[in-house]
Amino acid sequence: MWSFLFKRLLHMIPLLLGVSLLTFLLMAMAPGDYFTALSQNPQISPETIANLKAKFHLGQPWYVQYFYWLKNILHGEFGYSMAYKIPATALIFERLWNTFLLSFFAMIIAWGIAIPLGIWAAVKKDSWADRGCSLVAFVGLSVPDVLLALLALWFAAATGWFPVGGAQSPIHDLLTPMQQFWDCAYHLILPALVLAAADLAGIMRRMRSCLLDTLRAEYVTAARARGLGEGWVIYKHALRNAINPLLTIFGYSLAALLSGAFIVENIMAWPGLGRLTIEAFFAKDSYLVVDCVVMATALLVVGNFIADLMLAWSDPRIRLK
Amino acid sequence: MSALLEVKNLKVHFPVKAGMFSRVHETVKAVDDVSFSIAPGETLGLVGESGCGKTTLGRAIVRLVEPTAGEISLDGEDILKMTGSALRARRRKFQMIFQDPYGSLNPRMTVEQIVGEALDIHRLTDSKSARQKRIFELLKDVGLDPVYAQRYPHEFSGGQRQRIGIARALAVEPKLIICDEPVSALDVSVQAQIINLLGDLQQEHGIAYLFIAHDLAVVEHISRRVMVMYLGKIVEMSEAKEIIREPQHPYTQALISAVPEVDPESKRKRIVLPGDVPSPINPPGGCPFHPRCPIAEARCRTEVPALREISKEHWAACHFAGNKIEQSNRAGFQNV
Amino acid sequence: MALLEIKNLKMDFGAGADALRAVDGVSLTIGASETVCLVGESGCGKSVTALSIARLVATPPANYVGGEILLNGQDTLKMSNGELQKIRGGVVSYVFQDPGASLNPVFRIGNQIKESLKLHRPLTRPSATLSPAGGEGRGEGVRVLKNVITDYDTEVIRLLKLVGIPAPESRIRNYPFEMSGGMQQRVMIAMALASEPKLLVADEPTTALDVTIQAQILDLLSELKRRLGMAILLITHNLGIVGDMADRVAVMYAGQIVELSPARELLRRPLHPYTKALINSVPKLAGGASRLSAIPGNVPRIGNFPPGCRFAPRCPIAKPECSEKIPELLEVEPGRFVRCPFWK
Amino acid sequence: MESTPPNLNPIALSPWQIFWQRLKRRRIAMIGGVILIGLYLISLFAGFVAPYTHDRLDRDRFFHPPTRPQLEGFHLVVPRYEQQPGNFIYHAVQGDTQPIRFFVHGEKYKLFGLIPASIHLFGTGDDKYPVYLLGTDQFGRDVFSRLLYGSQISLSIGVIGILLSFTFGLIIGGISGYFSGATDTVIMRLCELIMSVPALYLIISLRATFPPSMTSAQIYAMIIVILSFIGWAGMARVIRGMTLSLREQQFILAARALGQSDFKIIVRHILPNTFSYVIVAATLSVPYYILGEVVLSFLGVGIQEPSASWGLMLNAAQNTEYLKNYPWLLAPGAAIFVTVLAFNFLGDGLRDAADTKSI
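Protein chains in written order, with the working numbering: chain A, 1 to 321; chain B, 1 to 336; chain C, 1 to 344; chain D, 1 to 359.
Hints in this document: simulated from the structure, not taken from any laboratory.
Here the structure is a predicted model, which is why all the values come from computation and not from measurement.
The beta-carbon is built from N, C-alpha and C at its ideal position, and this holds for glycine as well.
Mixed in with the good hints there might be a few duds.
[Stated by the list, open to error] In silico contact screen, one side only, chain D against chain A (beta carbon under 10 Å); selected entries:
| hint | residue |
| --- | --- |
| 1 | 290 |
| 2 | 320 |
| 3 | 332 |
| 4 | 341 |
| 5 | 342 |
Produce the complete structure using the sequences and hints provided.
In structure tokens, the structure reads:
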């Protein structure tokens with residue numbers, strides 16, 4: 001098992017390097033840069049721009065820039081945001097944390113509802129409950145994130161029950177820590193729900209089909225033949241095995257979640273990585289875009305690694321081979 | 001008698017990737033130094049348990065698996081040296097029939113297309129009508145009504161599918177057919193049909209067979225000579241009748257005694273071998289059979305027995321060939 | 001009273017117009033400590049008949065149309081789920097064809113066996129080990145008194161030893177995939193025996209195994225039967241196994257029993273044309289004959305059983321009337337039943 | 001010894017015919033299919049069905065609410081709407097109506113982008129009595145007409161994107177699986193790289209490599225290129241997996257034993273056996289391409305004004321004030337929903353129909 005995990009861990013490094021290289025290359029191919037816009041500003045002297053360019057090695061070929069960027073990363077520096085005029089590190093990590101928070105809670109909500117619902121639908125296969133779930137799932141699968149987020153925004157604006165966007169209220173800094181916590185939760189709940197709703201249907205259907213598959217397995221018949229109760233057969237023997245394929249699709253679900261978060265952040269003004277990416281994109285703040293993409297990828301890769309960890313823990317065939 | 005097929009010191013080794021950095025750690029010696037020959041029109045039976053390398057051996061002969069070392073000559077030509085189109089052209093001479101009647105036919109092709117493909121590859125018919133005539137002929141040869149030529153495989157039963165597979169192999173008029181467990185997936189009452197069909201076709205066309213199976217009774221019934229394989233090696237080879245009457249190798253003796261017997265009068269004593277069929281990844285040293293052998297001695301653990309001629313045309317790879325296993329020991333049974 | 005009495009069992013797959021009859025009027029009895037073989041080719045209904053004893057066929061799609069399955073005198077077809085769970089394992093245990101698939105891959109084998117023990121033979125405090133004398137059925141007839149155990153692990157190890165697994169103390173912590181097919185089948189047998197059943201149903205227990213391993217498992221089964229004295233219903237397509245194991249044999253064809261007879265007599269002198277043809281179509285070691293007498297045609301699929309005698313289209317002695325009326329299963333000699341009016 | 005199959009169907013059915021028969025029995029899939037055919041037909045004839053062109057501005061009627069046609073005798077009529085001075089609140093004027101007429105002359109458009117025409121399916125022929133079935137947007141453009149014009153972009157991007165990326169995925173995956181070795185390793189690492197970046201982040205990075213302002217045709221092509229660049233990887237991986245397992249199938253071995261060439265084995269044996277999977281996967285993936293365009297245009301980096309696309313139209317709805325007062329601006333969202341739902345219905349039915357060994 002340890003060698004398996006170690007191998008997976010080592011696997012992440014070339015992957016992240018590859019992704020950063022790819023993004024860097026794409027950014028280098030992008031026409032114009034931050035300074036194109038800057039140089040059109042008559043208030044900024046060409047010398048200032050030249051200085052800035054030199055400072056950030058922008059005159060150099062892209063691969064040289066990449067090595068400087070990489071070197072900085074190894075020192076924990078994520079470069080400098082041209083648009084924000086601050087070192088990117090703090091910015092990135094704050095936004096990363098927000099995206100993580102949003103995705104994490106959305107995931108908890110989605111899996112927390114989808115798993116029991118999927119089990120219920122599988123156990124009550126072909127009943128009205130199953131059909132109802134499957135219809136709701138169809139609708140859920142088909143509502144685009146964009147529309148859902150807009151509807152939530154509309155709902156918030158129409159009822160006033162939820163904040164219309166943002167991660168905290170303007171007076172956040174004046175609140176006591178307890179109040180700050182509730183303020184955060186209050187801002188988090190609607191975007192997290194939207195994100196979860198988009199993800200929920202897929203997981204539910206997967207759970208249902210995985211469980212149905214294992215319920216057809218011969219060891220389930222064998223367990224019944226031993227006189228085990230139906231509940232025990234389903235919840236111990238079948239479910240325990242149905243979890244493994246579900247864990248392997250965790251990665252896909254996480255990727256969808258992060259893309260969904262990108263949309264939700266931008267519509268509901270949640271200050272996460274996705275929103276930062278778009279801001280940086282429009283500002284031609286290319287280092288920041290690269291940082292964002294690498295960070296989002298890292299989040300996904302680490303998520304997949306955790307899924308592998310759980311799979312190895314759950315499935316002895318992987319753990320012991 | 002000049003041989004049709006001559007296999008000399010054939011080895012098929014597969015690397016097993018294991019460990020952290022996928023270095024080659026171990027090799028599976030699926031086929032390890034095997035030599036034999038088949039005369040034209042003859043049936044050679046090959047029997048062994050799962051994982052003994054019999055399927056790999058069959059596939060290596062038709063070059064579906066690349067051998068590691070050795071020589072395979074067919075009609076005096078070394079087919080291991082051939083590549084590309086030369087090999088493809090030579091494939092007319094040797095064909096294969098597969099075990100799984102469901103997996104061996106492309107589900108998206110009609111019977112006519114399946115059999116016709118063989119004709120097309122080697123351009124065996126020069127007109128559309130000749131092609132169809134030949135396909136109908138082949139279907140009749142294997143006992144199928146040509147009316148069903150436009151049907152898809154899923155409409156046929158297992159036995160009928162196996163007939164289609166045989167027709168496909170026959171289409172190129174091969175001299176040798178490797179039959180890889182052709183009846184083991186079939187119902188008992190259908191098995192006999194296929195066995196008889198193979199026998200009839202051999203009589204009619206003079207094809208030689210290498211007949212691979214795990215069922216000794218089937219192999220013995222259809223073959224003139226029989227080889228017994230264990231962990232990649234031939235442990236015994238002789239005429240079929242002789243090997244049943246006078247098995248020399250203890251493994252062969254156990255195998256024969258383990259065949260369930262329909263006749264209630266014949267009370268052969270069942271020899272129950274202890275232990276499992278070992279994995280070919282780490283075969284035991286010395287004689288590969290020694291951990292399960294009831295008559296093994298110290299010598300068997302270290303010294304690999306050579307395949308030697310015990311009596312005329314009867315070969316066995318055992319230091320104590322001919323010694324009978326008398327006691328039927330209760331395998332792995334412990335008193336509780 | 002026989003241990004198991006199947007009376008005129010009829011079972012369909014599907015219902016209404018789409019119903020396909022899979023088992024059509026099967027009657028079979030098994031006495032205590034008797035070994036009965038159910039022989040037939042694929043799709044003849046032998047496995048579903050066997051699974052029906054503990055009602056393990058899912059309904060739907062299966063649909064019991066008629067008949068009774070009396071186990072210890074009680075009809076399992078009428079039992080509630082609770083009662084069924086008591087007899088499953090408790091009275092009748094199963095061993096299936098593919099041991100790799102019938103063991104749960106994610107649990108250690110020791111725990112899987114323990115699960116059966118906990119269910120059917122819960123621990124008794126040492127002080128209470130004095131069991132009431134000689135009670136076979138306590139009250140309801142489905143309850144059977146079991147040997148008392150005081151420690152699960154010891155019992156698991158004893159069972160593993162019983163089925164001939166070497167070094168059972170270390171094996172109990174193994175997962176199924178760490179064992180060979182033969183060892184897995186031994187574990188399945190140990191699990192079936194854990195609840196001390198009266199009847200062991202073995203559904204093609206050696207079909208997925210190698211010949212030498214098959215010999216081991218058959219040997220084990222006969223030895224266990226000799227020691228423990230339970231009844232065995234052995235499902236197989238291999239007539240060779242019958243001679244070794246069975247007291248009586250039932251031969252099934254297309255959902256019906258066509259011949260039922262003491263094993264040795266059936267093999268020595270089969271009466272039904274299908275049984276005869278089946279025996280003749282199997283190659284025998286040193287049999288000599290250059291040509292097997294094959295049965296023409298194909299095994300009929302469920303839903304496509306021919307009218308009248310179902311074997312008639314493939315039968316060498318069929319007469320025109322065979323295709324019209326389904327013949328009865330009649331006792332033609334003491335203990336020998338044949339479903340063919342022309343058996344002579 | 002003749003062995004004729006006694007259980008054979010009287011009619012020979014090809015695997016495709018069986019597939020179709022199974023599909024026909026799934027009502028929900030057929031509903032999805034019919035909806036899709038309808039949507040694509042309407043989109044094809046958008047210029048004719050839409051009463052107005054996508055860029056016609058009605059400067060007198062910003063945020064006009066959806067027109068409510070009424071039944072007057074045997075005629076469908078639309079009322080005239082009057083604007084409250086000073087804000088965008090409109091009221092129907094009672095009694096002042098015009099009948100809706102069919103096949104009316106209206107603005108010029110080009111059918112299929114080629115044939116000049118000016119006949120519209122319906123309209124009043126009088127600009128004082130506009131038919132704004134779904135209201136107008138902030139520039140006074142007819143949302144319904146824009147929805148139809150937008151469908152041309154949104155719906156076609158899905159299909160063209162799928163065709164492109166699946167063609168690549170099929171070829172690359174097939175090659176990778178059949179030949180294995182170093183080619184395989186390189187291709188699979190590349191797929192992994194692409195798939196390990198959350199899709200939208202990659203889309204934005206790719207978008208950055210194109211100039212910010214392009215013609216609408218260029219933007220259209222760019223979106224397809226971007227989406228296909230991301231889409232081929234997943235397909236290639238799956239096809240490779242299927243090829244690997246098919247390669248070991250005995251009918252492939254049989255073809256090799258017969259001396260069939262590698263190329264013909266791939267074309268005749270391997271690819272046809274992946275088709276049913278590919279069709280199912282393609283149907284279920286079209287929504288992702290449609291949504292990809294929606295998101296890009298919504299974020300303002302895709303289709304640009306004055307062209308119409310569903311994502312771009314939704315962009316206007318992002319303003320909470322608009323959203324609260326003019327909810328008809330969400331109409332494109334409903335259109336996306338219906339389209340995606342129809343694809344999911346059809347795809348699910350296709351999957352069920354294909355999901356057996358006998359095909």
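Subject >> Hint check, residue 341 of chain D versus chain A [nearest Cβ-Cβ separation less than 10 Å] >> reply: holds (4 Å)
Original post:
Close enough to count: is the Cβ of residue 320 of chain D nearer than 10 Å to one in chain A?
Top reply: holds (5 Å)
Original post:
Once the shortest beta carbon distance from residue 332 of chain D to chain A is found, is it less than 10 Å?
Top reply: Status holds, d = 9 Å.
**OP:** Tell me if residue 290 of chain D is really an interface residue toward chain A, meaning its C-beta lies closer than 10 Å to one of theirs.
**Re:** Cβ of residue 290 of chain D sits 9 Å from chain A, so the hint holds.
**OP:** Could you check if residue 342 of chain D really has its C-beta closer than 10 Å to a C-beta on chain A?
**Re:** holds (8 Å)
Figure legend: structure checked against the earlier numbered hints; every hint is met.
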